[in-house]
Amino acid sequence: MSSVQDDRVSRSRYERETTARKEAEQLLEQKSRELFLANQKLSQQSEMLEQTVKQRTAELRLALEKAEAASAMRARFIATMSHEIRTPLGGLLGMIDLILGDETDPAKRELLEYASTSGEALKRIVNDVLDFSKMEAGAFQFENEKVDIRALIGGVLALTGASIPDGDARLRSSISPTVPQFFAGDATRIRQVLANLISNAGRYSSGGTIEVRAFASPHKKGALIRVEVEDHGVGISTEQQKDLFKDFTQVQNKLTAAAQGTGLGLAISRRIIEGAGGHIDVHSEPGVGSVFWFELPVEVVEARSSLQKSGSIGAPAAKAEVDGARILLAEDNKINQKLLLTFLKRMNVTADLAENGRIAVEKFAPGKYDLVLMDVAMPEMDGLEATRIIRDSWPAEKIPPIVVLTAHVLDAIHEDSARVGIDRVLSKPITFGDLRDAISEELGAKHAPDQDAPMQFGARPAVFVHLSEPILQGLIESMSENEVIALVEEFVIDSRRLLEAITSNLRRGEAEAAAAEAHALKGMSGLIGVQGVSELAGQLEQSAPYLDEASIDEVAGSIAQHLDTLDRALNNTPD
Amino acid sequence: MKGVVFVELLSMAEKAFGEDVVDQVIEKADLANGGGYTAVGNYPCEELVKIVDAFSAHSGLSPELLQRKFGHWMMDFFGKHYPEFFTGKSTSFEMLEAVDQEIHVEVLKLYPEAELPRFETERTGERQLEMVYTSPRPLVSFCQGLIEACVENFGETAEIAFEATPDQSNSTTFTIDVTDT
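The listed protein sequences derive, respectively, from chains E and H. Counting with my numbering, you get residues 1 to 575 for the letters of the first sequence. Counting with my numbering, you get residues 576 to 756 for the letters of the second sequence.
Hints are computed from structural coordinates only; laboratory data are not their basis. A virtual CB, placed ideally from N, CA and C, is assigned to each residue, including glycine. Check each hint, because a few of them may be wrong.
[What the hints assert, rightly or not] Below are the DSSO-like pairs computed for lysine-lysine, each with C-alpha atoms no more than 30 Å apart in a straight line:
hint: 1; chain 1: H; residue 1: Lys603; chain 2: H; residue 2: Lys664
hint: 2; chain 1: E; residue 1: Lys522; chain 2: E; residue 2: Lys146
hint: 3; chain 1: E; residue 1: Lys522; chain 2: E; residue 2: Lys334
hint: 4; chain 1: E; residue 1: Lys54; chain 2: E; residue 2: Lys22
hint: 5; chain 1: E; residue 1: Lys31; chain 2: H; residue 2: Lys603
hint: 6; chain 1: E; residue 1: Lys41; chain 2: H; residue 2: Lys684
hint: 7; chain 1: H; residue 1: Lys644; chain 2: H; residue 2: Lys664
hint: 8; chain 1: E; residue 1: Lys22; chain 2: H; residue 2: Lys664
hint: 9; chain 1: E; residue 1: Lys368; chain 2: E; residue 2: Lys338
hint: 10; chain 1: H; residue 1: Lys625; chain 2: H; residue 2: Lys644
hint: 11; chain 1: E; residue 1: Lys22; chain 2: H; residue 2: Lys625
hint: 12; chain 1: H; residue 1: Lys577; chain 2: H; residue 2: Lys625
hint: 13; chain 1: H; residue 1: Lys590; chain 2: H; residue 2: Lys603
hint: 14; chain 1: H; residue 1: Lys684; chain 2: H; residue 2: Lys655
hint: 15; chain 1: H; residue 1: Lys684; chain 2: E; residue 2: Lys22
hint: 16; chain 1: E; residue 1: Lys345; chain 2: E; residue 2: Lys334
hint: 17; chain 1: E; residue 1: Lys22; chain 2: H; residue 2: Lys655
hint: 18; chain 1: H; residue 1: Lys625; chain 2: E; residue 2: Lys41
hint: 19; chain 1: E; residue 1: Lys338; chain 2: E; residue 2: Lys246
hint: 20; chain 1: E; residue 1: Lys31; chain 2: H; residue 2: Lys664
hint: 21; chain 1: H; residue 1: Lys625; chain 2: H; residue 2: Lys590
hint: 22; chain 1: E; residue 1: Lys31; chain 2: H; residue 2: Lys655
hint: 23; chain 1: H; residue 1: Lys625; chain 2: H; residue 2: Lys655
hint: 24; chain 1: E; residue 1: Lys334; chain 2: E; residue 2: Lys146
hint: 25; chain 1: H; residue 1: Lys577; chain 2: H; residue 2: Lys655
hint: 26; chain 1: E; residue 1: Lys66; chain 2: E; residue 2: Lys54
hint: 27; chain 1: E; residue 1: Lys22; chain 2: H; residue 2: Lys590
hint: 28; chain 1: E; residue 1: Lys22; chain 2: E; residue 2: Lys41
hint: 29; chain 1: E; residue 1: Lys108; chain 2: E; residue 2: Lys123
hint: 30; chain 1: E; residue 1: Lys345; chain 2: E; residue 2: Lys368
hint: 31; chain 1: E; residue 1: Lys41; chain 2: E; residue 2: Lys31
hint: 32; chain 1: E; residue 1: Lys522; chain 2: H; residue 2: Lys625
hint: 33; chain 1: E; residue 1: Lys108; chain 2: E; residue 2: Lys522
[Unchecked claim] Among the chain H residues that face chain E by a calculated CB cut under 10 Å, a handful are:
hint: 34; residue: Ala591
hint: 35; residue: Asp595
hint: 36; residue: Thr754
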């Protein structure tokens, strides 16, 4: 801007430069101020942003904690409800069955049977709702165990056969030889789906066969199992099929005027099958019938060694593989010991008895036993603790299946059992058939129809009159008459000892000890089927703290009378 | 219009006609704030036209010629002060295409309020570029000067023709035919 020709600068030029400089300075000042303000605003915003992030993080953490607390509470609530509802319901159903066993008046029997059916329906609903709640709460977990679908189908057919009119004659099953003998899956859940489909087939049809079919085809995971349940019932319209697997949906049943159940059965089945990576659906035609089917991709655990004949399976029964098995039985109660040892002997199983958990741990060694039967409540060391010690002491592959026996029907026991590594939980009182099936399934034995359970005929020993009929049937199924008599003899001796302990404890004011002994007496007598003693012992257990001298004498006297009656019958002397 | 254009226009005039002439011409031109401009300021375009007209009247050279000369001057100025805009460009066409797509993008970042002309380009032949200049300002010849200088800058020779873009007011279409590179 300067001319090099002349050092002097004109006045107007100087003024122009001054004006320009002033303007430039003004602009600079203005821009600086704008910059400062912008900076200030920026730092304010960044501070606010930080504040907001902090606040949001805190809110989120709080919300998460709340959600977790709510979820935990819901899970606890479900566990509690499960116990609180199932326990009295189980008691109610058991009592109805016991009364049914003794009742001979046809009119009363009919009413009791209605009560029993309603109770069973209620139990189904409660179970459905609990399962559904668990699924909703995300507390539903799939086990991965060895599944024998043949045994499962057989078992479910045997069970549902009894509840469907003319069931045994109408139920058929055919299982293709292509179906692997064992695959990995959740047997309990698959059984639940099967039971649901088969009982639906029964409820929505009045006649005709109900056929369960199973096939397998190759799949990248191992095999694709397809199970179909076909009925010739009312059928389902295309319109209704759309909502069929949705929650709380039911198809109107012309066969029964009132709707049965919650409408959750198929929704639960769908969740189970889809949860396990499978698919479930139906083909149906109104008035013709329905085919419900599901497909499950599974991992084959062990290839079939030989082809098994397909055909009708009546009831699951296994002897061949159970035969000769070595079993460690941990059980403290004398009567239970006797009963279970007799059961096991009848199965031709070599049983080794441990009187409590500690002895069981001492006796256990890898390779020594094929299976362990473990009672839960035992002195010195309980069954769960013993199982935990065994699991901790030896590598998993060296430990045989551990089956727990318990009188509790609590979920908590199942949860505790699962935690310590128990393979199966059996509820007492346990029948011969249940025990045999459980052992056989755990041993992974093949199931073959049971042909050697001969019924015993002829004059019945006098003492049998005093035992509850269904329980007696179970006893006779598993042991000889003489063995049953020996069991009752032992029971009478043990009961007298217990009764004496109860009365002396009551007189000393040791109500708690007395109640525990009364509980044991109640359990023992229930097992043997001596209902009178069981009920009186139950009363003693309930009211131990409130009994006066006279009442103690009265109740104890009644129990003694029952025992006397048994004694006389055992000695075959008339009353 | 950015003050730098005014400052450079007066610089060119001083170089061409001498300080005394510039002083006289500006005095007569009746400009706002007496013809004092700072490169960082903003001034109305009419002032620029007034200055060009005043020098035209003084020298007898046409305003168009003065604008063209100023275009050459400004291209030289850009080359000296903003060499980064030229790096990576090997032909005048690449440079001309970059005006809208690169240079004005950068200008707008620094001066969001700037009212920039548009330069739409299209290669209509292997050695032909069409450039449509759109602006409400009467600076067609200034553009012509810039284009000429740009071509020279890359050591090329070209024929540059222009005409009012049909059916589009405020627009002029330049057709640049490179004859020698």
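Here is how each hint holds up against the structure:
With a CA separation close to 43 Å, the supplied pair H/Lys603 and H/Lys664 exceeds the 30 Å bound. For the suggested pair E/Lys522 and E/Lys146, the alpha carbons sit about 37 Å apart, so the restraint of at most 30 Å is broken. Our distance criterion of 30 Å between C-alpha atoms is met by E/Lys522 and E/Lys334, whose separation comes to about 14 Å. Proposed proximity of E/Lys54 and E/Lys22 is contradicted: the alpha carbons are some 48 Å apart, above 30 Å.
The suggested pairing of E/Lys31 with H/Lys603 is violated, with an alpha-carbon distance near 33 Å, which exceeds 30 Å. Simply put, E/Lys41 and H/Lys684 have alpha-carbon atoms about 20 Å apart, close enough for the 30 Å limit, and the pair holds. For the hint linking H/Lys644 to H/Lys664, the alpha-carbon distance of about 24 Å falls within 30 Å, and the restraint holds. Restraint check for E/Lys22 and H/Lys664: not satisfied, since their Cα atoms lie roughly 39 Å apart, outside the 30 Å limit.
Between E/Lys368 and E/Lys338, the direct Cα distance comes to roughly 22 Å. Compliance with the 30 Å bound is thereby established for this hinted pair. Straight-line distance between C-alpha atoms of H/Lys625 and H/Lys644 comes to about 16 Å, which keeps the hinted pair within the 30 Å bound. With a CA separation close to 23 Å, the supplied pair E/Lys22 and H/Lys625 stays within the 30 Å bound. Pair hint H/Lys577 plus H/Lys625 holds up; C-alpha atoms about 16 Å apart against a cutoff of 30 Å.
For the suggested pair H/Lys590 and H/Lys603, the alpha carbons sit about 19 Å apart, so the restraint of at most 30 Å is met. Annotation: proposed proximity of H/Lys684 to H/Lys655 holds, straight-line Cα distance about 21 Å (limit 30 Å). For the suggested pair H/Lys684 and E/Lys22, the alpha carbons sit about 26 Å apart, so the restraint of at most 30 Å is met. Among the hinted pairs, E/Lys345 with E/Lys334 is consistent with the structure: their alpha-carbon atoms are about 16 Å apart, no more than 30 Å.
About 27 Å separates the Cα atoms of E/Lys22 and H/Lys655, which keeps this hinted pair within 30 Å; it holds. Our distance criterion of 30 Å between C-alpha atoms is broken by H/Lys625 and E/Lys41, whose separation comes to about 42 Å. Pair hint E/Lys338 plus E/Lys246 does not hold up; C-alpha atoms about 50 Å apart against a cutoff of 30 Å. Of the supplied pair hints, the one linking E/Lys31 and H/Lys664 is violated, its CA atoms being roughly 34 Å apart against a limit of 30 Å.
Restraint check for H/Lys625 and H/Lys590: satisfied, since their Cα atoms lie roughly 19 Å apart, inside the 30 Å limit. The straight-line distance between the Cα atoms of E/Lys31 and H/Lys655 is roughly 26 Å, inside the 30 Å bound, and the hint therefore holds. Of the pairs offered as hints, the one joining H/Lys625 and H/Lys655 holds, with about 27 Å between alpha carbons and a cut-off of 30 Å not exceeded. A threshold of 30 Å between alpha carbons decides the hint, and for E/Lys334 with E/Lys146 the separation of about 34 Å lies outside it, so the pair is violated.
In summary, the hint linking H/Lys577 to H/Lys655 is supported, as the alpha carbons are separated by about 18 Å, within the 30 Å threshold. For the proposed pair E/Lys66 and E/Lys54, the alpha carbon gap of about 18 Å is at most 30 Å, so the pair holds. Straight-line distance between C-alpha atoms of E/Lys22 and H/Lys590 comes to about 25 Å, which keeps the hinted pair within the 30 Å bound. At most 30 Å may separate the alpha-carbon atoms for a hinted pair to count; E/Lys22 and E/Lys41 meet this at roughly 28 Å.
About 22 Å separates the Cα atoms of E/Lys108 and E/Lys123, which keeps this hinted pair within 30 Å; it holds. About 18 Å separates the Cα atoms of E/Lys345 and E/Lys368, which keeps this hinted pair within 30 Å; it holds. For a cut-off of 30 Å, the pair hint linking E/Lys41 to E/Lys31 stands: about 15 Å separates their Cα positions. Between the alpha carbons of E/Lys522 and H/Lys625 the distance comes to roughly 119 Å, so the proposed pair goes past 30 Å and is violated.
The suggested pairing of E/Lys108 with E/Lys522 holds, with an alpha-carbon distance near 26 Å, which does not exceed 30 Å. A distance limit of 10 Å between C-beta atoms decides the matter here; for H/Ala591 the minimum to chain E is near 12 Å, and the interface restraint is violated. Contact between H/Asp595 and chain E, as hinted, is supported at the beta carbon level, the nearest pair being about 7 Å apart and thus within 10 Å. Against a cut-off of 10 Å between C-beta atoms, the interface hint on H/Thr754 is violated, since the closest Cβ of chain E lies about 38 Å away.
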